[in-house]
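Modelling step: build the complete structure from the supplied sequences, incorporating the hints.
Protein chains in written order, with the numbering used here: chain A, 1 to 556; chain B, 1001 to 1556.
Note that these hints are calculated values from the structure, not bench results. Treat each hint with caution, since some may be false.
[Unchecked claim] Residues of chain A clear of chain B, computed beta-carbon distances all greater than 10 Å:
{"no.": "1", "residue": "F101"}
{"no.": "2", "residue": "S130"}
{"no.": "3", "residue": "G180"}
{"no.": "4", "residue": "K216"}
{"no.": "5", "residue": "R380"}
{"no.": "6", "residue": "L389"}
{"no.": "7", "residue": "G481"}
[Claimed, not checked] Straight line, CA to CA, 30 Å or less: simulated DSSO-like cross-link-like pairs of lysine-lysine:
{"no.": "8", "chain 1": "A", "residue 1": "K491", "chain 2": "B", "residue 2": "K1150"}
{"no.": "9", "chain 1": "A", "residue 1": "K491", "chain 2": "A", "residue 2": "K445"}
{"no.": "10", "chain 1": "B", "residue 1": "K1249", "chain 2": "A", "residue 2": "K249"}
{"no.": "11", "chain 1": "A", "residue 1": "K150", "chain 2": "B", "residue 2": "K1399"}
{"no.": "12", "chain 1": "A", "residue 1": "K86", "chain 2": "A", "residue 2": "K498"}
{"no.": "13", "chain 1": "A", "residue 1": "K498", "chain 2": "B", "residue 2": "K1049"}
{"no.": "14", "chain 1": "B", "residue 1": "K1249", "chain 2": "A", "residue 2": "K150"}
{"no.": "15", "chain 1": "B", "residue 1": "K1476", "chain 2": "B", "residue 2": "K1150"}
{"no.": "16", "chain 1": "B", "residue 1": "K1399", "chain 2": "B", "residue 2": "K1476"}
{"no.": "17", "chain 1": "B", "residue 1": "K1049", "chain 2": "B", "residue 2": "K1435"}
{"no.": "18", "chain 1": "B", "residue 1": "K1399", "chain 2": "B", "residue 2": "K1435"}
Each residue gets a CB set at the ideal place from its N, CA and C atoms; glycine is no exception.
Number of protein chains: 2
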Amino acid sequence: MNRDIEIAQQATLQDIGAIAAKLGVPEGSLERYGHHKAKLPLSLIDAEKARQSNLILVTAISPTPAGEGKTTVSIGLSQGLQKIGKKTVVVLREPSLGPVFGIKGGAAGGGQSQVLPMEDINLHFTGDFSAIEKAHNLLAALIDNNIQSKQGNLGIDPRTVLWKRVMDMNDRALRQVVVGLGGTGNGLPRETGFDITAASEIMAILCLCENRTDLKTRLGNIFIGFTYDRKPVYARDLGAQGAMAALLKDAIKPNLVQALEGVPAILHGGPFANIAQGTNSVMATRMGLSLADYAVTEAGFGADLGAEKFLDIKCQSAGLSPKAAVLVATIRALKYHGGVSLDDLKNPDPEAVRKGIPNLEKHLENLQQFGLPVVVAINRFVYDSEEELATVEAACAEKGVKVARSDGWANGGEGTRALAEAVVELTENGNTRFKPLYEWNMPVKEKIKTIATTIYGAADVAYSREAERDLRRIRKLELEGLPVCIAKTQKSLSDDPKLTGRPEGFTLHIRGIEIAAGAGFLVPLSGNMMRMPGLPASPAALNIDIDDEGVISGLF
Amino acid sequence: MNRDIEIAQQATLQDIGAIAAKLGVPEGSLERYGHHKAKLPLSLIDAEKARQSNLILVTAISPTPAGEGKTTVSIGLSQGLQKIGKKTVVVLREPSLGPVFGIKGGAAGGGQSQVLPMEDINLHFTGDFSAIEKAHNLLAALIDNNIQSKQGNLGIDPRTVLWKRVMDMNDRALRQVVVGLGGTGNGLPRETGFDITAASEIMAILCLCENRTDLKTRLGNIFIGFTYDRKPVYARDLGAQGAMAALLKDAIKPNLVQALEGVPAILHGGPFANIAQGTNSVMATRMGLSLADYAVTEAGFGADLGAEKFLDIKCQSAGLSPKAAVLVATIRALKYHGGVSLDDLKNPDPEAVRKGIPNLEKHLENLQQFGLPVVVAINRFVYDSEEELATVEAACAEKGVKVARSDGWANGGEGTRALAEAVVELTENGNTRFKPLYEWNMPVKEKIKTIATTIYGAADVAYSREAERDLRRIRKLELEGLPVCIAKTQKSLSDDPKLTGRPEGFTLHIRGIEIAAGAGFLVPLSGNMMRMPGLPASPAALNIDIDDEGVISGLF
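Structural data, given as structure tokens:
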């Protein structure tokens, strides 16, 4: 069996100009980055056309640690749609660089459903992450510089500064640091830390903004901390937003690449799915809808996290209206929810699959609550048994829900033809009545409770003293009207990673509520969120190499 | 008078394909980054052709803090050479991003002698600095990870780790930090710091390497520190070089842009001129020589630093042989060396100019010691008086040295026609007998003494206890055969920034000797070297903005 990188390197890529031509984008509008990548100018966005096209959301049941292959299904589905004659584009997040050197595993699909050139996409790509990193760290430098300088000093209390620095690298030693050591010339010593770049609020901002003006406004709205006399300080108070936006001059433009079978793929932004909205940019989604009839996109983690945030935050913010949802399930994840340990997931066990179905059912019900027609896609693995597959199909039939085996990994678009046909049928029969779960102007606690009880299945929500203090602060800052982007484990519908299946009657514990005033949401925290991964004992970096011709090996 | 950015934005740029065509590079060989930037594949380097072309080095007298405009003269000269019919390319360093947000001042030339597109070049350009930053920080993460992990643990003594992290940002708070705080999960707490990316040894490595294989060897040779039982640890012991080289996959390729008058410009690498070799990459210089008949390049700071390192390290390492040198002098710098304070440099003062001439003379003699024919270029400023200019011309005539007024800032190539003609005459009359100052295999102290006495004018060299300890370490590691890259103030020929003019009889103090085993040189330190600048009280960032069309303002 070929590795992903071998399949990718054996593929014959089309010139990016030919891919653009499929979307009606003329060569002159392309900003090429080599022969197989390009940036698309924002002027190609056509709001009217975007409204008429079909947005398909790919989401998943509660995943195992390895993930259930949403990206692979999304790419596969777009290839399937192309096979049945639909003008299609797949719109995805850009992968993060740091994890590439940690544990093997690409973020550009897999097998016969990849986006290419995979080495570029997984390394620096077109520099968007790097630009976001620089914009983020410029603000950090301006904050410490303001604390240090007599001129223009805002009186920022360094103990209240919430803005950390970022680096796109798995580097646990940077999680908690003391900066400003070495004497008066080096600033004021204070404790802070680094997050991975994908966790930057600027990443979330870039992905929610509408245009450069909106970008600047949101950058200016970033909440930094307080002055010594307890006045809030925003990035605009430091005059930072213009320079930050200048650093994002090109990062704001969506990137065009191609899937293995030549489907145009738009990759843009990659915000965390636990503490941010976890989907590609609004501009990229609109671009996809402007240039094709079907735009397939995905939201991070399970539907309780990714889809909920996609629908309540991104779609509400940008006025997007998906036509159908694809709920990805894998036999192994269902067995996991049916009680099988991680080590035994490859062994056939139809009974465990049956026991895991309630997790699938809950996610199905959740998506239906949003008024979306759903098709379940069983992302196939080589060790799935026919009986296991039939078990899922029977369960779906019982619920009256469409189901299709998705075999894009092994067979590309041919393997997702049935899924593509199901998606088209759902889309074209016009039964979509998309509505978000809550109104943004509800009180914060009500918004949280609505999601917790309706989506997660919680009985109640409990707030720590810190969370209550944060709520008072949010009220004082008049930010209660922001939507909530709940940070919760993806491993369970509840906030306890050990509760697999369909937990009920639990209490969701909120230990604090962060303010992402620039991105435009609040982040209620349940459990500990890792924002800076570490490297494993034997990092993937040690296997990566490049030869004198520039051919990379060891990347997945 | 127009600002640089206004001139740049009013310019009509040629498509980069047309610029490449001037060099005989076909469209298919170009890796475009938008319409006005491209990467050039290393396969375009032609060693034989490179040997036949003319390499012109632009260097300067001891500069004032504002710099004497070497880049502007280099670009202007290349435009002048084009005007008189020579197939010319200018080969320069890439500017660093960090300082853009500190004190105003471009690093892409000025006035009518700029390289374009200046906003791109001064911001992320083609991502080379970012790639170097990532490669550098990956090694740092692997070091801390090795200290943390039981598996594969090399027994690195964290107190001996010399490898810091880098960020292309003026951020003084990062100069000295403690990392690894927060408990056992976050690594071992230790003191370290951040340098600006241009100061990274990887930048120096990229600029001295010959190809990808050589790059990997040099990356593997990076000296990190010692184990608890005092064994040296190199990057290769961590197995880091393959992944680092993969991160530099595209950064290794030189970048093509254009000067205002359409002269092809190759920009690649930007190592510090105080602690590293301070010139563009060997590959870029060879590329320029392969594709044109005249390749104009520059070396950082004054000739005592930049030119010496260019000639003794880069040229010796790569077998390059310059045909002529241009020594840039400004009236204001000569006045400064003649005793005028920085605030009064705009006032006409021919007598002060006369008093400053010995600095010019010393640099002239130094270049002549390398066997290079020299022309003095007086980089003109609007407030220079005719009498002041004539003073310099008379002094040069007395020494029998060619001199030309260089007016590229105001008049582009037309303003450097005389300079270009002088350069061609020196080059074509075949009197060049280039020879480096010392042999690499001399003992370290002899190499240092040769430079100190012959180039700087020192009477002697004194070593601190630390420097002597470092010398013993270098001997133990068998690295005595490396050339020396002396870190010294650029403000004076001596190591005392206050000694302007032509100091004599001083002692050069070496307080330590760093090992850059990957780059392939030793760094004797005289005085304190700033490797992480800070932002000023009123940072340039506050004036930078971008409008909804993507047009940037406030950048210089």
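Against the structure, the hints:
no., hint, verdict
1, F101, "6 Å, violated"
2, S130, "4 Å, violated"
3, G180, "4 Å, violated"
4, K216, "8 Å, violated"
5, R380, "32 Å, holds"
6, L389, "38 Å, holds"
7, G481, "25 Å, holds"
8, A:K491 x B:K1150, "28 Å, holds"
9, A:K491 x A:K445, "24 Å, holds"
10, B:K1249 x A:K249, "24 Å, holds"
11, A:K150 x B:K1399, "51 Å, violated"
12, A:K86 x A:K498, "42 Å, violated"
13, A:K498 x B:K1049, "68 Å, violated"
14, B:K1249 x A:K150, "44 Å, violated"
15, B:K1476 x B:K1150, "29 Å, holds"
16, B:K1399 x B:K1476, "47 Å, violated"
17, B:K1049 x B:K1435, "21 Å, holds"
18, B:K1399 x B:K1435, "22 Å, holds"
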